[in-house]
Amino acid sequence: MCGIVGLFLKDKSLEPKLGKMLTEMLITMTDRGPDSAGIAIYSEETIGRAKMTVQSDAPETAFKDLDTALSEAISASVSMQVRSTHAILDVPTGSTEDVRSELTKLGIRVMSRGNNLEIYKEVGLPQDVAAQFDITTMSGSHGIGHTRMATESAVTTMGAHPFNTGEDQCLVHNGSLSNHNSLRRKLRREGIHIETENDTEVGAAYLTWQMQNGATLGEALTNSLDDLDGFFTFVVGTKDGFGVVRDPIACKPAVMAETKQYVAFGSEYRALVNLPGIEDARVWEPEPATVYFWNHKETPSATEKAA
Amino acid sequence: MQKIDLSETGLRAMNKMLHGQSEHTNQTTWEIVNPKGSHAIACGLDAPIEVTVKGSTGYYCAGMNQQATVNIHGSAGPGTGENIMSGKIVIEGDASQYLGATGHGGMIVVKGNASSRCGISMKGVNIVVQGNVGHMSAFMGQSGNLVVCGDAGDALGDSCYEARFFIRGEVKSLGADCEKKEMREEHLALLQQLLDEAGIDADPTEFTRYGSARTLYNFDVDNAGAY
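Protein chains in written order, with the numbering used here: chain L, 1 to 307; chain P, 1001 to 1227.
Derived by calculation from the structure, the hints in this document are not laboratory data. This structure is a prediction, so every number in the text was calculated from the model and none was measured. Glycine included, every Cβ here is placed at the ideal spot set by N, Cα and C. Where hints are given, some of them may not hold.
[Said to hold, decoys possible] Not everything, but these chain L residues come out facing chain P in the computed CB check (under 10 Å):
1. Cys251
2. Glu279
3. Glu285
4. Pro288
[Stated by the list, open to error] Distance condition first, Cα-Cα at most 30 Å in a straight line; then the derived DSSO-like pairs of lysine-lysine:
5. Lys1036(P) / Lys20(L)
6. Lys260(L) / Lys1036(P)
7. Lys1036(P) / Lys17(L)
8. Lys252(L) / Lys1172(P)
9. Lys20(L) / Lys1054(P)
10. Lys260(L) / Lys1054(P)
11. Lys1036(P) / Lys12(L)
12. Lys1016(P) / Lys1054(P)
13. Lys1054(P) / Lys252(L)
14. Lys1111(P) / Lys260(L)
15. Lys10(L) / Lys1054(P)
16. Lys1036(P) / Lys10(L)
17. Lys10(L) / Lys260(L)
Extracted from the complex, chain L is given alone in its bound form (with noise of 0.2 Å):
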């Protein structure tokens, strides 16, 4: 099953309440999966400094003195705000690849970079995981959130979504590929990096691998519904903006919700209930085979047929 709910604001006086509405939602959406939980949450970023979400399972001791191991490897300064398992990194702009490097030696692992990309993802239930990050206290202009009942691959951190793609780019998915071992090997040998045996990873990489050769995100999505098979309904999130696609069969459900404060996204109905004016938004089912987006610059609900 797997629960998705993706929240993208359009009123700014809402956007001290995102992390508060986000966790609200995911927990609605519990017992469509207990396996793991994550955030992605857009907020606000520093002109010349990027953010990158990093984790450890032993994060006493891998965090001890990060951030000056960082700043000495890198010659620049890097500063660090411990959540739990997970370090927010700030990091001047350009330098993320050098650090990812350093980190790798390591053993610590990047969930996310971008300016203003933060995930936090675990094992457990969204109401703990969202506790252990402190979710509900987070502001920001937009973010989408998981929790999972694993079919594909293994329950640990690393499986649990939003899966981070490019820079400030994140994708969840509910539904299962079916080819994403043949995938996964064309992608590798393209250079793409992919960590887990996890089907919806290689959904992340074969968007970031597309975005690389020059497509727009609308575009790669347009295109893995030519070359993803299986049952998908993703949301992903950009800098700015946020996307839903179906696959054409759309058997995993998808209920989207407007009004001028906000765009919503839930796998059911109820995950939308207790935002302000649900009473009169309005309520649609997203069109299978079709790519929907939200930007933060554009005009809204910019919606183009894909199929």
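Keeping the supplied structure of chain L fixed, place chain P upon it in accordance with the hints.
Same frame as chain L, but now just chain P:
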């Protein structure tokens, strides 16, 4: 009228109250408030009562219904009215996928649109949709009628048996063994009767009838190699 606040009563207690109504109950009108998209609201009813749900419902609302009338003042989640045997379900908003799946009898009316697989494996239920229906609607439909005042998506009536489909708008594509049929007097009369029962004002002559070409009924020896 009996009023139930679902957020206070809880789903099981509410359904138990509704199941407790007999053939001769004098509590014939019920209203459910605060449904908040909950699953299995008013499932398995078997009494001549009228239940009105004030808001949107989740999975399987009014599934296995017998005798009762269930009105949904909102939109309905996946599998609404699954295996309905008799009675009536009226959805004021839209309906999600596999509406009325395997329904044996009774009627389902949708004032908005219905999603994919509407009436999948229908076995006698009548479904009237004021808007459009999604892809694979009436897949393997065996008996009953699907009336669509708007358009139908891909693969309408794929592998259908004797169910009838009346579509006013366009059909994106027909499924395997589904074909356009002649609209005779008896079909116009039947369609008028279904529209009247659904309370929808539409002219039967504007509809096209579709049904089974009956070429999949018997094994064709030429296909032996395919197995």
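Evaluated hints:
1. Cys251: Given a least distance of 8 Å, the restraint on Cys251(L) holds.
2. Glu279: Result: holds, 8 Å to nearest chain P Cβ.
3. Glu285: holds (5 Å)
4. Pro288: holds (7 Å)
5. Lys1036(P) / Lys20(L): Holds, at about 19 Å.
6. Lys260(L) / Lys1036(P): holds (21 Å)
7. Lys1036(P) / Lys17(L): Holds, because 21 Å separates the two Cα atoms, which is no more than 30 Å.
8. Lys252(L) / Lys1172(P): holds (22 Å)
9. Lys20(L) / Lys1054(P): holds (27 Å)
10. Lys260(L) / Lys1054(P): holds (24 Å)
11. Lys1036(P) / Lys12(L): holds (27 Å)
12. Lys1016(P) / Lys1054(P): holds (19 Å)
13. Lys1054(P) / Lys252(L): Between Lys1054(P) and Lys252(L) the Cα gap is close to 26 Å, so the pair holds against 30 Å.
14. Lys1111(P) / Lys260(L): holds (25 Å)
15. Lys10(L) / Lys1054(P): Satisfied, since the Cα-Cα distance of roughly 29 Å is no more than 30 Å.
16. Lys1036(P) / Lys10(L): holds (24 Å)
17. Lys10(L) / Lys260(L): The hint holds at about 7 Å.
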